[in-house]
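Novice: What follows is the residue order along each chain.
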Amino acid sequence: MQPLEMSAVDLVTALRQGDITAVECATTFLDRIEATNGSINAFLTVDREGALARAADIDARRKAGKPVGQLAGLPVALKDVLCTADMPTTCASKMLAGFRPPYDADVVARLRQADAVFVGKTNMDEFAMGGSNENSAFGPVRNPWDLSRAPGGSSGGSAACVAADMAPVAIGSDTGGSIRQPAGLCGITGLKPTYGRVSRRGLIAFASSLDQIGPMARSAADCALIMETIAGHDPGDSTSLTVDVPRYTDLLDKPLTGVRIGRVPEHFAAGLDPEVAKGVEEAFAVLMAAGATVHDVHLPHAKYGIPTYYLIAPCEASSNLARYDGAHYGHRAEPGKGHRGEPGGQRTAGQTGSFESPLVEMYCRSRAEGFGPEVKRRIMLGTYALSAGYYEAYYAKALRVRRLIRQDYLDAFQTVDLIGGPVSATPAFKLGEKKDDPLAMYLVDLYTVGTNLAGVGGISFPCGFTKSGLPIGFQLQAPPLAEPLLLQAADRFQRLTDWHRRRPKTMGELKA
Amino acid sequence: MGCRGAAQPPLATTEEPSLSVSTSPQTLTTKDVAKVGLLARLALSEADLERMAGELSKIVGFVSMLGELDTADVAPLAHPLDTQNVFRDDVPVASLSTAEALQSAPRHDGECFLVPAVLGESSAA
Numbered sequence: 015m016q017p018l019e020m021s022a023v024d025l026v027t028a029l030r031q032g033d034i035t036a037v038e039c040a041t042t043f044l045d046r047i048e049a050t051n052g053s054i055n056a057f058l059t060v061d062r063e064g065a066l067a068r069a070a071d072i073d074a075r076r077k078a079g080k081p082v083g084q085l086a087g088l089p090v091a092l093k094d095v096l097c098t099a100d101m102p103t104t105c106a107s108k109m110l111a112g113f114r115p116p117y118d119a120d121v122v123a124r125l126r127q128a129d130a131v132f133v134g135k136t137n138m139d140e141f142a143m144g145g146s147n148e149n150s151a152f153g154p155v156r157n158p159w160d161l162s163r164a165p166g167g168s169s170g171g172s173a174a175c176v177a178a179d180m181a182p183v184a185i186g187s188d189t190g191g192s193i194r195q196p197a198g199l200c201g202i203t204g205l206k207p208t209y210g211r212v213s214r215r216g217l218i219a220f221a222s223s224l225d226q227i228g229p230m231a232r233s234a235a236d237c238a239l240i241m242e243t244i245a246g247h248d249p250g251d252s253t254s255l256t257v258d259v260p261r262y263t264d265l266l267d268k269p270l271t272g273v274r275i276g277r278v279p280e281h282f283a284a285g286l287d288p289e290v291a292k293g294v295e296e297a298f299a300v301l302m303a304a305g306a307t308v309h310d311v312h313l314p315h316a317k318y319g320i321p322t323y324y325l326i327a328p329c330e331a332s333s334n335l336a337r338y339d340g341a342h343y344g345h346r347a348e349p350g351k352g353h354r355g356e357p358g359g360q361r362t363a364g365q366t367g368s369f370e371s372p373l374v375e376m377y378c379r380s381r382a383e384g385f386g387p388e389v390k391r392r393i394m395l396g397t398y399a400l401s402a403g404y405y406e407a408y409y410a411k412a413l414r415v416r417r418l419i420r421q422d423y424l425d426a427f428q429t430v431d432l433i434g435g436p437v438s439a440t441p442a443f444k445l446g447e448k449k450d451d452p453l454a455m456y457l458v459d460l461y462t463v464g465t466n467l468a469g470v471g472g473i474s475f476p477c478g479f480t481k482s483g484l485p486i487g488f489q490l491q492a493p494p495l496a497e498p499l500l501l502q503a504a505d506r507f508q509r510l511t512d513w514h515r516r517r518p519k520t521m522g523e524l525k526a
Numbered sequence: 464m465g466c467r468g469a470a471q472p473p474l475a476t477t478e479e480p481s482l483s484v485s486t487s488p489q490t491l492t493t494k495d496v497a498k499v500g501l502l503a504r505l506a507l508s509e510a511d512l513e514r515m516a517g518e519l520s521k522i523v524g525f526v527s528m529l530g531e532l533d534t535a536d537v538a539p540l541a542h543p544l545d546t547q548n549v550f551r552d553d554v555p556v557a558s559l560s561t562a563e564a565l566q567s568a569p570r571h572d573g574e575c576f577l578v579p580a581v582l583g584e585s586s587a588a
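Residue numbers (the working numbering), protein chains in the order written: chain A, 15 to 526; chain B, 464 to 588.
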C-alpha cells in the first residue's frame, strides 16, 4: 500500500518496522501537498526543509538504535492557530502575517517530543471565527469533494488536507464545532475532546471557556493514537485536567453491547436535509446492529444554543483579541498613512471627536487594518454585550442559559451513554452561498455548539454520501472524559462500514 | 426580516418560528456603533458604521430570543468545569528573554516597545 493511502496507525507501524523511512514518508506527503495545494489552498505554510531535516534525524536515530518517540516519522499538519517556534503562526489574519511565536504550543511540544514530523500550517477562518473557511485573509480552502464548495470551518484547511491525502493527520481546534463540522463536510473523522482534556497553552485564544484542541484524521483509530500524545495536564494551562490519560488505542476493540445511544427527535425537524437525515438514520441502524440500543432523549434548551454561543463567544473574543494592539507584535498602522488630514487619508467622521490620544489612534487604526470583517463584527458584538447597561441583559443572561444547556446534557446522560445525530443540517455548501449573511452562517453550528457550551466531548465521522457525492457526517456526544467510548463507538462503526475509506473523485484534477 | 436567507432552504430548527429574528427594540444607531467602535479600539469609516449598525441590530435582535426564558433562579455558568482556582508555589521560573519578547514587535529600541504618545491630541481630533 502507498503511504498516501495508509492510516496513521499503519504508517507508524511501517516506520517502526523499517518498511519505509521517515524521509520517504515525509517526501511523499510533501510532494502531494506541492502538487495539489494550488487547488485546495489547505496550507498557509509548508515547511519542506524543516520536515525533511527532522525526518532525517529520526531515521538516523532509529538506525543507530537510539530511542525515538511514539509517533516517530508520522507527518502531521497543524492548524495555524497553534504557536510554533519554527514556523510562522498567522491565525489566517493579516494581523499576524509573518508572526513568529517565541514558543511552541503545548500540543506542538508534545507532538515534537513524540517525533511527529510537521509538514506545515493549515488554513482556517481568521482567528477561528467562521464555518466555511471563507473568512481567511489568505483565500478560502476548497472542499476536495467538490472544489466549488466550502470545506466547512474553522478548521477547514486541516479537514481538507486529510481528505485530499496531503497529510494523514491534522490538528484542529473546536470552539463551536470547528473540528466536527469541517470533518463532517470533508468526510473525515474529528474529535473534540472534553474541555480541559488537552492543554490550550499556545492555542491562540478565541473564546477561552469554549476552545479545545483535537485530532482530525481518516479514522477514529488514528484519532485515538494522536490523543495519547496530545492529551494530559499542563502546568501552563490551569484549566487542563489532572486526570490520567487512558491508552485510547487499547480501549477501541470492544463491542457496543449494552451501550445506550440517545437520539434527539428535535434534530430531525424541518430544515434537516433529507439525504443527511437518511444517512444519520442509517448510522443509528449500524450502531444498533453492533449491539447498541437507541433511545429518544430531549435537550429542551438546544434551540437556545446558537444565541447563547453568539453572545458568550464574541464576549470572550472581544476580551482575548484586545491583545492585538500594534505594539507588542502583529500589524501596526503606519503613522500618517490613512490618518485624517494626511494626503490620501481616510476620514473617520463617523467616530466623532478624537481617538483620545495618538496611542489610541494607533490601536484603532492598526486593528481596523489588521482584522477582517467577521472578526471585527464579533469584537463589536462582544464589546456591545459587555458594555455598561447591556452586560446583564446579554452576557450574564447567556451565562445563565449556558447552565440550563449544560444541565440538559447532564440530565440526558443519566439515561444514555452517548447522544447521536447529524453534525450539520446540510452537506457542504457552495463557496459564497452564505458569505454575505452573517446570521445564516452562524446557524451552521446548530448541532455542534451545545457540546462546547456544556464542556463535553464530541466526535464526527462520515456515515454516507449524497447522490451528488458529498460526504454526510454523524456526530456522537459523550459525558465529560468519555473519549474512550466516543472513539470505541466510532471505531466500531468504521469496522462495519467503509465510508471513511472513500476518496474524492477530484483527486486527478488537483493542481499545484 | 427573517434570518433565513430567502434564496436558501431553511436550516433545521427545533421549533419552526424560533430562529426568526424578532422585531425587537434593540436597534443600534450609527452613533451607538461609533461609541462601541472606540471601546473596541476599531477605527470605523462612515460606510462601516452604516453596515455594522444594520448587521449588529439584526444579530442582537436574534440573540434577544434568550429573553423568553425565565432565568431568575439560574446562576450564571462562566466556565464548564467546576474547578477551583489553581495555585502554584511562588517560585521564579525562566521567562522570555527581552530579545524573545521583542522579536515580533513592530517598533522597539532593543529594550522597550515603542509606541506613539500616550497623552495629547490625536490627529483625528
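Treat the hints as calculated values from the structure; they're not laboratory data.
Nothing here was measured: the structure is a model prediction, and the numbers come from that model.
Possibly wrong hints are sitting among the right ones.
Below, a sample of chain A positions facing chain B; criterion: calculated Cβ distance under 7 Å [unchecked claim]: (1) TYR398; (2) ALA402; (3) VAL415.
Cβ coordinates follow ideal geometry from the N, Cα and C atoms, glycine included.
Novice: Now tell me, hint by hint, if it's right for this structure.
Specialist: For each hint, the structure was consulted:
| no. | hint | result |
| --- | --- | --- |
| 1 | TYR398 | holds, 5 Å |
| 2 | ALA402 | violated, 10 Å |
| 3 | VAL415 | holds, 5 Å |
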